[in-house]
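Chains as they are written, first to last, in our numbering: chain A, 5 to 478; chain B, 5 to 478.
Hints are computed from structural coordinates only; laboratory data are not their basis.
Incorrect hints may appear among the rest.
Note that identical chains are pooled: a pair holds if it fits in a single copy or bridges any two copies.
[Stated by the list, open to error] Keeping only pairs whose Cα atoms sit at most 20 Å apart, straight-line, the calculated EDC-like set for lysine to aspartate or glutamate is:
| id | residue 1 | residue 2 |
| --- | --- | --- |
| 1 | LYS6 | GLU55 |
| 2 | LYS256 | GLU41 |
| 3 | LYS385 | GLU368 |
| 4 | LYS118 | ASP29 |
Just so we're clear, the structure is a prediction, and the values are computed from it rather than from any experiment.
Protein chains: 2
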Amino acid sequence: MKKLERLLNRIIDRVNVNLREPAFDVGPYVRGLIPWEKFVRFYAFYGLTLEHPLHFHFHHSSLAGSYFLGKCIVDNAVLYKSDIRGDELKSRGDVFRYRGLDIPLHDDEVIRIKDSFLVKNLVHNNSHDPESPEEFLIQNTVALQYANIHGSPVEGSFLGPFATVDLTTVHDCVIGKYAYVQTGEVTHRYVEDGQIWIHADNAFNFNFHFHPDDLNRYVHLVPGEVPTGIFMDFLEERKRDFISAFESVELKPNIVVPEGASVSRYAVIKGNTSIGENVLVAQRAYLENACLGKGSNAQENCYIINSRLEGFNITAHGGKVIHARLGKKVFVGFNAFLQGKPDCSLSIGEGSIVMPHTIIDLKESLDIPPGQLVWGYITNKKDLSRHSISLEELSRSEGEIVIGAMIFQGNGGDFVNAFQKRIEHILEANGAYYAKATGNRGHAQYVQSISFNIIQPYLEGDLGGMYPTIDICP
Amino acid sequence: MKKLERLLNRIIDRVNVNLREPAFDVGPYVRGLIPWEKFVRFYAFYGLTLEHPLHFHFHHSSLAGSYFLGKCIVDNAVLYKSDIRGDELKSRGDVFRYRGLDIPLHDDEVIRIKDSFLVKNLVHNNSHDPESPEEFLIQNTVALQYANIHGSPVEGSFLGPFATVDLTTVHDCVIGKYAYVQTGEVTHRYVEDGQIWIHADNAFNFNFHFHPDDLNRYVHLVPGEVPTGIFMDFLEERKRDFISAFESVELKPNIVVPEGASVSRYAVIKGNTSIGENVLVAQRAYLENACLGKGSNAQENCYIINSRLEGFNITAHGGKVIHARLGKKVFVGFNAFLQGKPDCSLSIGEGSIVMPHTIIDLKESLDIPPGQLVWGYITNKKDLSRHSISLEELSRSEGEIVIGAMIFQGNGGDFVNAFQKRIEHILEANGAYYAKATGNRGHAQYVQSISFNIIQPYLEGDLGGMYPTIDICP
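This is chain A alone, in the form it adopts within the complex (with noise of 0.2 Å):
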């Protein structure tokens, strides 16, 4: 294990170097969190398909139990059950438009993972960032157990435990543990626990700021340590079910998969399940007693349990829906964090969104309304009057609104306009209108012919845990 001892801590260095400002340690957040031994227990794996841009090159690294789709690179990096998917990477002859400008890529973009340690996180999408098109660099970067890196370049920061950052370049950062950042670009700044934070120049800017007494309980974060909290006790009870999908090497799907629907054989599917026409299910989803109605799509880490999802709904990586019914087109945001109860059920009516970091936690049953915009920490009817806005009365908005611990201001019409593009480009990204007749097809379409590449590091000596280089391209 030398080897991988030396690099994490050139890692540790790299970063504490670009956090000199702010003055930042990540040492304490590295060292010993990841037992040795566990970096040669778990393979890494990358997918083969027809429909991506391939090229994998991973170069002095540990990948232990990380998965790779399209074109990355890894270089000096440790990455631990991470899934890098570069499979909504931009394409060469593709045009990058920014603030009026029309940027042609001369090449494939690729997914650049430098110097970092990354853990349980998920990187997906492309780079938004107009000064590097072609690539989506992380660079000199430690993130923790479940934060998303999406579409996100990032150089020198600290993500903490399910922080996410969203469409936004970020330098020099510490994120906070369970914050969420879409701002464009964000440097050298410390963003704290729990501050959900959304940013357009001169449209809009929404803030909001968990209680750190609430939060604690969900994620609390020792350094050193794995973090706990209601977040972590949840994943860890479920987490022997994904044993068998790991260790078999090939697996077909218990369930009936309609036409244009694809359910990945790294996902677990328990109990009375069904899924409808388009739907997907991507790898490491978990659905128990889940219907998922025609178009939707359970994404990465997202748990659906005893719900019914009526149609077009978008669970995003790392969302977890519990004891609920959603109606269609409901949009549940990362990481949030849902749980009805047996006996204190959750509806929310068609066409809610759900902010990405949001938890409902219900000690009474709760229905949401149709076309609610909702975020914070719920658990009963009062708090969800503090913690959220009709979608409609938002359109309508300018200037500031303030609502409980909320503060948006700008442009509410650009706030919801700019959302529900978004969630129109998933459901098409990913297949949801996929018809025969008409194509249409996404990625509930694409990677049902993917085949599943198993790479393993060294096992012992100085090298344990380390991989050899390898090169896959066409």
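Starting from the known structure of chain A, arrange chain B on it as the hints suggest.
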């Protein structure tokens, strides 16, 4: 499958150009032999260890079900369920001795396979060709089911099913089914079905031909079809037992593995089977009610069933031992088929050598005394007398010996010495003499820390069955 089809046609053309003399068309043997869907059904895999120099390069090839270890380069080739074991290649700095010349190696040796079609072959050992000590080349070659290519560079040749070329450079030859050739070099020759031919310049020549009627019952070949006969029936009956070994990513052996021994997780272990110290059970080996004494090895594609082997026994690639008791250091050569029956037991005394490609298929019980050389086709005591000689007698002989259909010319002592020296080398290389105090490690000890990597082809479309370009180095 279009690309794979074009590749196979290209291989056929290239081999046929080499085989214009002797005129031989490999096309009928290749076309239609493997149903197209099988090229996507089975994964290929490679081993990663700290013990062997590492380089894999696969380009424009189909590799279904094949296994690689060491340094292997494959270009424009179709390998189907073949094992390419480069773990005994020579290393940079080694000195290759040939007739008084010392040839130092300026690079690690690699196995290089080009423009060839190999079906269920075993490729192993290192090149014994003084002309090219750094490259063990297989080019423009078609080799059918269970052919062994052992330390033998092969160019422009056709190997029939169950044929073996051993420590021999082969140019532009047709090697008939179940023929065995160990002659140092052979060019532009048609080696007949079932010919057993061992030759050392200015030393000795061993020659035996199976009777075609006998041979046809064991291996029958119709071009373009899978061979039939007793050998294939035997293998087909046991094929299903391998399924679970290949379906799981990891598997622990289901028997006690003593100090210094190793059992491949791709071996089948059934019934009441036990192994002693320093035993090596290679992948695709099959043990059922087998007792293997200390230092024995069961090599690839060998089957040991209802048998007891006293210790330091070699069962070479493809050897089958059924209802037999083998004394110490009994050697069973490549693709030998020793079939006792519950009521016709076979015993072979200490130190006897069963030549490669020997068929012992008993109609009555048979005791072969210690120290014998055995070859050919034996069903009873009478057959034995025409297909054996004591090693002692052979050692003393000069000139010519004719026994049944076997003709031996030259120095019997040289022949016996060469064989015994080789047996000692195999035992040593496989780790039979390992002791914790003294070291003396071999394969049985090395393979204990191997990790297996699974690679897959494109699943459909024009590229179906083809693999991307893969390069792996330290």
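* For this structure, which hints from the list above don't hold up? -> none
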